[in-house]
Amino acid sequence: MRTNRRQFIGGALGLGALSAFPISAIAQSGGTIKIGLITSLQGGYAAFGQNHQRGAQFAVDEINAAGGIGGKKLELVVRDDGLKPDIGIAAARELAADGVRIFTGGLVSGVVLALNGIMGELDSIFVSAAAHGNNLTHEDFKPNYFRVTDYSAMRVGAGSHLVAQRYKDAKVWGSIAPDAEIGRSVMEVVNFHLPRAYKELHGAEVKMTETLWTKFGATDYRNEIARLMSQGIDGLIVGLGGADETTFLQQAGQLGLTKKIQGFFTSGSEFLGAIALKERTPENYWSGFHWYYGAYPDNPIAKRVVDTFREKGYGKHPDGFVGMTHAAISAISAALAKGAGETSKELIPALEGMSFDSVKGKITLRKEDHQAISDVNYALLGPAKNEDGWEVVDFARVDGEPFAGAPTPGQPLKFG
Amino acid sequence: MKLAARLSLAVLLVAFLLAPFLVHPGLVFIAGFAMIQIVFALSWNLLFSYAGLVSFGHAAFFGIGAYVSAVALRYGWHINFLLIPPISAVLGAAAAFLVAIVVLRRANGIQFSVLTLALSQLVVVLIGYSEYLGHDEGISAIPRPVINLGIATLDLNNPLASYYFVIVIGLIAIALIWLVVHGPIGRTMQAVRIDPERAAFVGIDVWRLRVVAFTLSGGFAALAGSLLAPWAQIVHPDYVNWLASAQPLFATLLGGAGFFWGPVVGVLGLAWLNYAMRTFVGLSEIMIGASLLVVVLLAPQGILGALRDAVRRRRGKVAGEHR
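The listed protein sequences correspond, in order, to chains P and C. Counting from 1, one number per residue, gives the positions in the first sequence under my numbering. Counting from 1, one number per residue, gives the positions in the second sequence under my numbering.
Calculated directly from the structure, the hints in this document are not laboratory data. Don't take each hint at face value.
Computed cross-link-like contacts, EDC-like style, restricted to lysine to aspartate or glutamate with a CA-CA straight-line distance of at most 20 Å [what the hints assert, rightly or not]:
#1 P:K215 / P:E188
#2 P:K215 / C:E131
#3 P:K414 / C:E131
Partial pick of chain P residues on the chain C-facing surface, computed with a CB cut under 8 Å [as the list claims (entries may be wrong)]:
#4 D86
#5 A91
#6 G110
#7 P143
#8 K199
These stretches of chain P come out as covered by chain C in the derived footprint (C-beta under 8 Å, 3 or more residues) [as the list claims (entries may be wrong)]:
#9 95-109
#10 283-291
Bear in mind the structure is a predicted one, so any value in this text is a computation, not a measurement. The beta-carbon is built from N, C-alpha and C at its ideal position, and this holds for glycine as well.
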């Protein structure tokens, strides 16, 4: 029998339609506890999302290998949010209909805000492993939301303190940030913490020059770099993120800015800039991390995660996204092991105020606003003659508690 | 053919109405979202297939409705939510009217399209500066309203009530758009689209008609946007940017430009593709892109165009052939 083109297309469409038919594919079985991981697995965030998935899967595999929780195995169900809030919501509703009550993941703040808004309705909890927005544990706080990582103000505050400690003689600080809410928020924290840290640590006054505001997606920073070089700065705060930050660092290195100053820090780009720039990675570059594995050589959990990551051939350097979903699953399993059931009514009180062991050591989930009180990690990166083209020159574990601010769920974060 | 089309529409209507009883809540959410996108795409197609104007910034009007509705709910405006969709439509229409009388005086064709794109991006930037509108983070955790209907109350916190609210308002909007394009204004629009010079020659005020079309289209886009806040419970600048403006364009081209129901088929096709590919992590974008490419290569007039040609071929008529 010969199949003509029309029959083939018809058959293919029919098969496609069947594959999309919404039959419950993950019906809840009695012996497993399902955890939904919603993260971004495409576009510019795919690498981070992939590591989210890996970290969570490592934790699930470890717990299952040790016999599960109360005889029940954990099962990770992964969904891509496509970087869009509505796709994230559809995924959460689909999983909730299949009996999933525990969610983790969350890379893009828009998606996390959307998920945050519906967790109560779904009688579920969301343990966020990366979203950094100050608002999630302040003005947009929801009781069904927990965050196992630090957040923007905490990270930037700790970074300001770190550079004040390391660069005693740097008295003039410049800054560059995107002209958007995230950039303004970073600068608000820096302007509060950096002068205060110099005063406390060295009894010195520090001069902050006028921030240079840029547009998202800019490709040419030469004018800004020239202005920064003419300001006579000793140190620099880079509030740009992602690809913008990499572009800026490349041009700042080429034009000699990063050699001219004593040091600079960026709050949340992990290994991203160094991996992209390789041997062109600038000197004196402090990069912020959700978790820097090298800062925890004696932590057995961290060691296990690093070994597994390397054994599976995922690369040499697991990033903070691996570590934080691992921490999220650790928190969830600790609450379940305490006897909490899978409903939000049981899990929320079990998680509130709970301390648990993680890749980052002891993390406590603050009772009032469900924010993790933990270390804040930074690594000093620089160029190197090795196969990566860059290396970690130094690192810092800053106690995050003084920078976490008072818990004010429902209220915006305030300084001063 | 007409009978088959009517039957298909009836089946589609029944599927929408019975969705909460047939499929899981994740798919019901997608169905509600698709209804909102359908109204938005039809409002864009009103311009494209009937008035011959291409807007690359239509999401700005959708955004007006979305943000009006979001702030009304988030900040607890003392207003019956039933009035929010019409108020949004009026505000969207007013904004579109202002844009039209300025832009259409000066620009036509591609200049018009690019100007609409620039204006919509300006709206995104302005939202980013506004604390009231939640800056770049948007407005989230939007509460669903309880609507006082006089004799009873409609609590949209009930998932069924919320779904049917979106479907009913969406169907009313579709009916109104259908009436517009099948009435005298719609026919005049078609005359202008086909040959503006000849239309002017027979006494049609082309500029005024385009302003009317743009105003109506902006109003319907804002009405669609007003349904987003109670449904998705988040409104974000991503729903206003150029990529959001491209969605009705994709839907119309996929479903079939020149057909009233083309955008409906396109929106449902895209929603189905996105849903079917949701577990093909990493492959989904490639497969959706490849599927669209296949449709464009095999059916340049969209899915409905291909179906029409197939029916004609079966009846022995070939498109473009004179008999």
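Taking the hints in turn, this is what the structure says about them:
1. Only pairs whose Cα atoms come within 20 Å are accepted, and P:K215 paired with P:E188 is accepted, the gap being roughly 18 Å.
2. Proposed proximity of P:K215 and C:E131 is supported: the alpha carbons are some 18 Å apart, at most 20 Å.
3. In summary, the hint linking P:K414 to C:E131 is supported, as the alpha carbons are separated by about 15 Å, within the 20 Å threshold.
4. Because the beta carbon of P:D86 sits about 5 Å from the nearest beta carbon in chain C, less than 8 Å, this interface hint is met.
5. Proximity of P:A91 to chain C holds as hinted, the smallest CB-CB distance being about 7 Å (cut-off 8 Å).
6. For P:G110, the interface hint holds, since its Cβ comes within 8 Å of a Cβ in chain C; the closest pair sits about 5 Å apart.
7. The closest approach between the C-beta of P:P143 and any C-beta of chain C is roughly 12 Å, which is over the 8 Å cut-off, so the hint fails.
8. The interface hint given for P:K199 is broken, as the beta carbon of that residue sits about 30 Å from the closest beta carbon of chain C, more than 8 Å.
9. Proximity of the region 95-109 of chain P to chain C, defined as three or more residues with a beta carbon under 8 Å from a beta carbon of that chain, is established by the 5 residues found.
10. Only residues whose C-beta sits within less than 8 Å of a C-beta in chain C count toward coverage, and the region 283-291 of chain P has 0 of them, not enough to reach three; the restraint is violated.
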